[in-house]
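Colleague: Residue strings, one per chain:
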Amino acid sequence: MDLVINFTFFLKQDYDCLFSGTYPTLHSKLVDFQEELITLQVIEDDSKYWDALSSALAVGWLDVVVKLLRLHGSYRPDQIGIRETENGLVEAVALLITNMPRMRLELSDGKLGECYKTKPDFMKAWEKWRGQLTKLDCTPYWLQCDHQQTREGLKNMLQIMLGNASKLSDATCHWTELFISHLLYIRPFTSGLESMFGLAQKCVQIKPVTSHHKLMNLLTGILGENTEVVLAECSRSFGPWMIAHAMELLTAGSSHAEIVLHQEDSKLGGICMEELHRLAYAQVLSSHELTWQIAPVYLVTCPKQGMGMLENIFYRQPVQHKKVLLKSLEICRLYELDIIGSNLMKFAGVHDWKHGKKGSAVYWLQQAHDDVRLNKIAKQLFNFVGKSVSDDSLKQWEGLIELLSSETRTAGGLEFLNRYRDFRRHLQQVYAGVADDAAKQAAEALISLMKNSSTPKQFWLPLLYDSLKLLNWREHPLFNVSQTNLLMNKLQELSLAKLLPDYIDADLPSEALSSVRLALATNLGRAILEE
Amino acid sequence: MALIPLSDDSPPLHHQIHRFPQTQYIDSLRWLPQLSPSLRHLLLSTTTSSSSTLHTLSLTPTPTPTLTPLSSLPLPSRITSLKTTPSLIAASTLSGSLFILSSNLNSNGFLKIEAEKGLHFGPILGVDLGGGEGVECVSVGEDGRVCVVRVGEGSERVFDSKGLVSYTAVKWASPVEFVTGGLGFGLQWWDMRGPGGVVSKFKGNWGQKMKSGIVHSVDIHPSRKHTCLAGGSSGTIFAWDLRWQQQPIMLSSAEIGDGTSQAVSESEVWEVQYDNYIHSSNTGSISSSKILPAVMCSEDGILAVVEQGQEPVELLAEPCAINCFDIDKENPSDIICGLEWESLVLLTRP
Chain W
1 MDLVINFTFF LKQDYDCLFS GTYPTLHSKL VDFQEELITL QVIEDDSKYW DALSSALAVG
61 WLDVVVKLLR LHGSYRPDQI GIRETENGLV EAVALLITNM PRMRLELSDG KLGECYKTKP
121 DFMKAWEKWR GQLTKLDCTP YWLQCDHQQT REGLKNMLQI MLGNASKLSD ATCHWTELFI
181 SHLLYIRPFT SGLESMFGLA QKCVQIKPVT SHHKLMNLLT GILGENTEVV LAECSRSFGP
241 WMIAHAMELL TAGSSHAEIV LHQEDSKLGG ICMEELHRLA YAQVLSSHEL TWQIAPVYLV
301 TCPKQGMGML ENIFYRQPVQ HKKVLLKSLE ICRLYELDII GSNLMKFAGV HDWKHGKKGS
361 AVYWLQQAHD DVRLNKIAKQ LFNFVGKSVS DDSLKQWEGL IELLSSETRT AGGLEFLNRY
421 RDFRRHLQQV YAGVADDAAK QAAEALISLM KNSSTPKQFW LPLLYDSLKL LNWREHPLFN
481 VSQTNLLMNK LQELSLAKLL PDYIDADLPS EALSSVRLAL ATNLGRAILE E
Chain X
1 MALIPLSDDS PPLHHQIHRF PQTQYIDSLR WLPQLSPSLR HLLLSTTTSS SSTLHTLSLT
61 PTPTPTLTPL SSLPLPSRIT SLKTTPSLIA ASTLSGSLFI LSSNLNSNGF LKIEAEKGLH
121 FGPILGVDLG GGEGVECVSV GEDGRVCVVR VGEGSERVFD SKGLVSYTAV KWASPVEFVT
181 GGLGFGLQWW DMRGPGGVVS KFKGNWGQKM KSGIVHSVDI HPSRKHTCLA GGSSGTIFAW
241 DLRWQQQPIM LSSAEIGDGT SQAVSESEVW EVQYDNYIHS SNTGSISSSK ILPAVMCSED
301 GILAVVEQGQ EPVELLAEPC AINCFDIDKE NPSDIICGLE WESLVLLTRP
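Going line by line, the protein sequences match chains W and X. Take 1 as the starting number for the first sequence in the UniProt record's numbering and just add one per residue. Take 1 as the starting number for the second sequence in the UniProt record's numbering and just add one per residue.
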């Protein structure tokens, strides 16, 4: 019953704008009459008034009917005395319309009818109401009603309410209107879609349409409970949005449709119809750079291929535009797609590295926790540093080193840069003539650098060469015996490494190695003496 | 995400919201200098899949706000940052060019490019007008370049970090100083006197739990030059007081759940601006150590006023990202913002 009322409501609210200009409809008829209404002197003399009344009544626009009825001339104060019986009949019909039983929980304001919550109550009330209609139809007062149009018009309205099929047909224009009038007055107890399709076909026969409106075709499919027809109509006449969303409506309350739509089909690549159409709509959305962000909403509900397609969409987005990247990452965060998110960050990192944006590359690879790539680029970074060890150039690295230390867990061998920077700072102070303390700290920094396995080999000799002043510290040896031994071992290891193919020669004067050797030997001697 | 969900049909709000659907994606927007109380001008940069355009629009506030397009200027690439002063407009693009335009529109609202500079390689991410006599334009980019151009004379200074650092936001603090923001929530204070360059760096003491992020926007209040406000990833809004070197003052963060700061958003904070509206009359009475209230917008659709030690006040909570906003300097009750789903919102506070 709800369906009928919703359908009536649809007719009244929406369909006129859908069909306007295409078909003559009851709505347009009423609108035309409304315009004429102002010019009419004696409204009840005009046959159009009675036409409008019976039409509105046929599709259940009760409030309109009652309002129109109350415009009847017999209500006028100067007439009421002479036309008492006539007015009584008009009011009786208006009252019966107002009290028409309706099976629903409640009606919105301004809507007429008596509500019944259960079917038995409704059926009882319906029979009683029909009884009242019949009684009024047979009342002798009609004979006393002198106004012919009123008499005939009201009788006609009673026939409509009593479900006289030919009267209903006369009062309606389009088959959907006739269909509704049948549901309202001939089959008031219809529930669900039972036999609605047959009725619809009958109505189309009575009121044939010359051109087929796409919405009507869809409606026929829905009434026929034919999921395939509905889908075919949706995809033929409406866009992918319609078909993606029609799924939700079709599966609600229909187990047959649910089976059809949720059954995985090998012809569809092992996915179900529902998923197929969601994927199709997501594909449409993702094809435009300004709508792709809506696609994930659909894709996350696709269990089989949604994630794969989503991944593809993300990977197609330009990584060079960081705002777009951040928007992608936000979607990954919302849908907990951590792996895709970190892949996107890796792409951005590699892209930036290739384009010389070293800082940005390190940032994105750090965010992705991509230690492998960080270690790889670390080697290249060190080569870059190694060639330009001057303090001036190190200043340029400050920003990158700051960035590295901003992350609590510095991935890869990049933390070397941090230690290296500290060492250079201390050394700078030593050269600037700052006292003993700085020298001690510089020496400690050197040992910690040499002990650490992340310090690249190509830095060993330059580090030692830069530290000559420390090794030859005048006041007292800065390195004890075991520390000196460590440094000497490293130098030995370096001599062996020189034989390996991937050894990169530091850009140092030729005497560097021998002077470091000499300084280490001298320091060892002094340290032994000291101990 | 949203602390107090609001929508147009929720109980009446104190502020009025007007929506203007656009046919193009909004990259950025600004108020232009006011010509008369009854007629205001807006600058809007939009993009479609094939072209980018800078538009001027007029806004008639009464009886119902109406937007009328005045003129449009095609640009070679998407706008990444847009700033205005009473006399100039600076617009930076994704392809690395910087446009300087006059903000004194003639009656037709036509825009005229005064200068075009190509000092960057790759996206410029931040631009600001100010500096000496207010005619210096500073731009920063992913390439790590910081360029200061003196408009009119055409003289320029370029600081090149050779890609070792990327900068994402910039704001003038005084005629000779500006602050930049970048990766790892880093902020840098620059001084143009002498050799020029970074004189102070902020490297936050964020603690172990805090995830690193990017600063998207910085602002400095003219009356509090020592404090820099920054908004960025993970709903983070913090202030850096130069006098308290390494300790950030957190206004919002989704990462630190220590209860000292509210998270107004969990996502990227795209823009922050000090709010002149509420405290326009009593700015002076707020203790100088307290951060002034600010407005922020975020990827998760929040436009809110944040204030130190107080619950954020949401002005808008949208189902899509709010990518940009601007508070009218001459009439701070009015805010315009650009939404992800191609619409412009005018918000008028009582």
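There could be a bad hint or two in this list.
What the hints assert, rightly or not - Dumping the calculated DMTMM-like pairs for lysine to aspartate or glutamate here, alpha-carbon to alpha-carbon at most 25 Å:
hint : chain 1 : residue 1 : chain 2 : residue 2
1    : X       : Lys-162   : W       : Asp-371
2    : X       : Lys-225   : X       : Glu-266
3    : X       : Lys-211   : W       : Asp-371
4    : X       : Lys-201   : W       : Glu-415
5    : W       : Lys-323   : X       : Glu-255
6    : W       : Lys-323   : X       : Glu-153
7    : W       : Lys-323   : X       : Glu-266
8    : W       : Lys-327   : X       : Glu-340
9    : W       : Lys-323   : W       : Glu-289
10   : W       : Lys-327   : X       : Glu-153
11   : W       : Lys-490   : W       : Glu-530
12   : W       : Lys-323   : X       : Asp-160
13   : X       : Lys-203   : W       : Asp-146
14   : W       : Lys-48    : W       : Asp-146
15   : X       : Lys-162   : W       : Glu-415
16   : W       : Lys-327   : W       : Asp-338
17   : W       : Lys-451   : X       : Glu-266
Derived from the structure by calculation, the hints contain no laboratory data.
Colleague: Would you mind marking each hint as holding or not holding in the structure?
Modeller: Now the hints, each set against the structure:
Using a Cα cut-off of 25 Å, the hinted pair X:Lys-162 and W:Asp-371 holds, with the two alpha carbons roughly 24 Å apart. Between the alpha carbons of X:Lys-225 and X:Glu-266 the distance comes to roughly 28 Å, so the proposed pair goes past 25 Å and is violated. Only pairs whose Cα atoms come within 25 Å are accepted, and X:Lys-211 paired with W:Asp-371 is accepted, the gap being roughly 17 Å. Distance check on the hinted pair: X:Lys-201 and W:Glu-415 sit about 20 Å apart at the alpha-carbon level, within 25 Å; holds.
Taking the CA atoms of W:Lys-323 and X:Glu-255, the gap is about 20 Å. The hint holds against a cut of 25 Å. A C-alpha spacing of about 33 Å is found between W:Lys-323 and X:Glu-153, which places the hinted pair above 25 Å, so the restraint is violated. The straight-line distance between the Cα atoms of W:Lys-323 and X:Glu-266 is roughly 16 Å, inside the 25 Å bound, and the hint therefore holds. At most 25 Å may separate the alpha-carbon atoms for a hinted pair to count; W:Lys-327 and X:Glu-340 meet this at roughly 11 Å.
Of the pairs offered as hints, the one joining W:Lys-323 and W:Glu-289 holds, with about 13 Å between alpha carbons and a cut-off of 25 Å not exceeded. Between the alpha carbons of W:Lys-327 and X:Glu-153 the distance comes to roughly 39 Å, so the proposed pair goes past 25 Å and is violated. Among the hinted pairs, W:Lys-490 with W:Glu-530 is consistent with the structure: their alpha-carbon atoms are about 23 Å apart, no more than 25 Å. The hinted pair formed by W:Lys-323 and X:Asp-160 meets the criterion: a straight-line CA distance of about 23 Å does not exceed 25 Å.
With a C-alpha separation of about 99 Å, the suggested pair X:Lys-203 and W:Asp-146 falls outside the 25 Å cut-off, and the hint is violated. For the hint linking W:Lys-48 to W:Asp-146, the alpha-carbon distance of about 19 Å falls within 25 Å, and the restraint holds. Of the pairs offered as hints, the one joining X:Lys-162 and W:Glu-415 holds, with about 20 Å between alpha carbons and a cut-off of 25 Å not exceeded. For the hint pairing W:Lys-327 with W:Asp-338, the CA-to-CA distance comes to about 14 Å; that is within 25 Å, so the pair holds.
Proximity of W:Lys-451 to X:Glu-266 is assessed by CA-CA distance (about 42 Å); at most 25 Å being required, the pair is judged violated.
Checked against the numbered hints given earlier, the structure breaks hints 2, 6, 10, 13, 17 and satisfies all the rest.
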